[in-house]
Amino acid sequence: MINKKVNSVQEALQGIEDNMTIMLGGFGLCGIPENSIAELVQKGTTNLTCISNNAGVDDFGLGLLLQKRQIKKMISSYVGENAEFERQMLSGELDVELTPQGTLAEKCRAAQAGIPAFFTPAGYGTEVAEGKEVREFNGKMHIMELAYKADFAIVKAWKGDEAGNLIFKGTARNFNAPMAGAAKITIAEVEELVPVGSLDPNQIHIPGIMVQRIFKGEKFEKRIEQRTTRKRE
Amino acid sequence: MALDKNDIAKRIAQEVKDKYFVNLGIGIPTLVANYVRTDISVEFQSENGVLGMGPFPFEGEEDADVINAGKQTITTLPGASFFDSAFSFGMIRSQKVDLTILGAMEVAENGDIANWKIPGKMVKGMGGAMDLVASAENIIVAMMHVNKAGESKILKKCTLPLTGVGCVKKVVTELAVMEITPKGFKLLERAPGVSVEHIIASTEAELIIEGEIPEMVNS
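Each protein sequence line maps, in turn, to chains A and B.
Positions 1 to 233 (the working numbering) are the ones given, in order, by the first sequence.
Positions 1001 to 1219 (the working numbering) are the ones given, in order, by the second sequence.
Among the hints, erroneous ones may be present.
With a straight-line Cα cutoff of 20 Å, these simulated PhoX-like cross-link-like pairs (lysine-lysine) come out [as the list claims (entries may be wrong)]:
| no. | chain 1 | residue 1 | chain 2 | residue 2 |
| --- | --- | --- | --- | --- |
| 1 | B | K1148 | B | K1169 |
| 2 | B | K1010 | A | K140 |
| 3 | B | K1169 | B | K1010 |
| 4 | A | K140 | A | K169 |
| 5 | B | K1148 | B | K1121 |
| 6 | B | K1124 | A | K73 |
| 7 | B | K1157 | B | K1169 |
| 8 | B | K1017 | A | K72 |
| 9 | A | K132 | A | K169 |
| 10 | A | K159 | A | K216 |
| 11 | A | K140 | B | K1169 |
| 12 | A | K184 | A | K149 |
| 13 | B | K1117 | A | K73 |
| 14 | A | K73 | A | K159 |
Read the hints as simulated data drawn from the structure, not as lab findings.
If you're wondering where the values come from, they're calculated on a predicted model, not measured in any experiment.
Extracted from the complex, chain A is given alone in its bound form (with noise of 0.2 Å):
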């Protein structure tokens, strides 16, 4: 067994600095790695291009670092709820590249894939199929999209190992599973953090290899963006 375990979130994120291009796990809040990013306000590690599918909250997951201005660029598909990144992005501090949802993804598990480039209906006779070659498949339009290209990828898993095997729970899977491998470091901040042995191989979704490093988060609030309840009959 490799060991990938490491002690702390300081630990884990060495080597992240000024300038860097991360991938951030989570879908709303749900699954972000909410250590790390706590790290990285910090750190006050600036200049930074995250690509995520959304940018927060103004409190809370990357609004936190969009707040003290550490985001030169946000690669997403979706930044309503977001005041404050609605303001940088208006006023032009931020620069921001929408990317569909999808499309979004397969970048992520293109660059997790090793495959450099791949077609998509998607966005294609739109301002995102602007400079991008276009060609004919089975009589519809495709736009060829590139893999992403990032110095890390931060995600959360449910549980892992120390060899860097992950469990999601729910919904949090979302970004979390095809950022794993997608850059040239991956670090997982986990619930539980479990000795080797202890995880059924057949229940693994991302296997260590994708993964150098492996963290306990100290602390999750796991915050829900929309309360929805029905009552009780």
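With chain A's structure known, arrange chain B on it following the hints.
Just chain B now, with coordinates in the frame of chain A:
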């Protein structure tokens, strides 16, 4: 009388057929799930990675790790599954999802849709909408017929940046049900008590009107 949001959802629910896999967008489309017939088998997909979505959880049973694409806490039904975002859009692109219901700011008579950006004013992003409309075979739009200024959102040509081209099949608004045909919008039904003249006056695009237009039945 013009329909309210729940009435629009109720009418669209009639389009959901037995054995359909359905993706519901944020807003009115989410309400459709409340009105689907209970004697048919339907599974709801949410692009953030769940198939077999159930109703909202009971108070106190919310799970931060189980949400829909609107970031709302949800439950799952027996037979449900979770998967990652790349896999989720794989099943959308490969047309495993039978019906997509989403909102729009504008729809044009050639089936173009705009729903993600108002230049200089509002940019929330396209989320999964571009992927969905580019691949889904059947796309129904739930929207208001006119904007707050009273201007028609049913147009000859979209004015806002597009989300997808030539993809919308049907539109249900507070006033009417319209099908998009190769010749443009065809008026199928009108909201109870709403006249054809009122619909024509509220629509910038030409409407194809053949014979008597029935009132929609929403029971």
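Hints, one by one, checked against the model:
Under the criterion of a C-alpha separation no larger than 20 Å, the hint pairing K1148 (chain B) with K1169 (chain B) is inconsistent with the structure, at around 25 Å. With a C-alpha separation of about 33 Å, the suggested pairing of K1010 (chain B) with K140 (chain A) is violated against the 20 Å cut-off. A hinted pair counts as satisfied when its Cα atoms are at most 20 Å apart, and K1169 (chain B) with K1010 (chain B) qualifies at roughly 18 Å. Distance hint between K140 (chain A) and K169 (chain A) is unfulfilled; the C-alpha atoms sit about 36 Å from each other, more than 20 Å.
For the suggested pair K1148 (chain B) and K1121 (chain B), the alpha carbons sit about 16 Å apart, so the restraint of at most 20 Å is met. The suggested pairing of K1124 (chain B) with K73 (chain A) holds, with an alpha-carbon distance near 16 Å, which does not exceed 20 Å. This hinted pair checks out: K1157 (chain B) and K1169 (chain B) have alpha carbons roughly 16 Å apart, not beyond 20 Å. As the CA atoms of K1017 (chain B) and K72 (chain A) are separated by approximately 47 Å, the hinted pair breaks the 20 Å bound.
Taken as a hint, the K132 (chain A) and K169 (chain A) pair is broken in the structure, with Cα atoms around 36 Å apart against an allowance of 20 Å. Between K159 (chain A) and K216 (chain A) the alpha-carbon distance is near 9 Å, which keeps this suggested pair within the 20 Å criterion. For the hint pairing K140 (chain A) with K1169 (chain B), the CA-to-CA distance comes to about 17 Å; that is within 20 Å, so the pair holds. Distance hint between K184 (chain A) and K149 (chain A) is fulfilled; the C-alpha atoms sit about 8 Å from each other, no more than 20 Å.
Using a Cα cut-off of 20 Å, the hinted pair K1117 (chain B) and K73 (chain A) holds, with the two alpha carbons roughly 19 Å apart. The straight-line distance between the Cα atoms of K73 (chain A) and K159 (chain A) is roughly 31 Å, outside the 20 Å bound, and the hint therefore fails.
When held up to the earlier numbered hints, the structure conflicts with 1, 2, 4, 8, 9 and 14 and fits the remainder.
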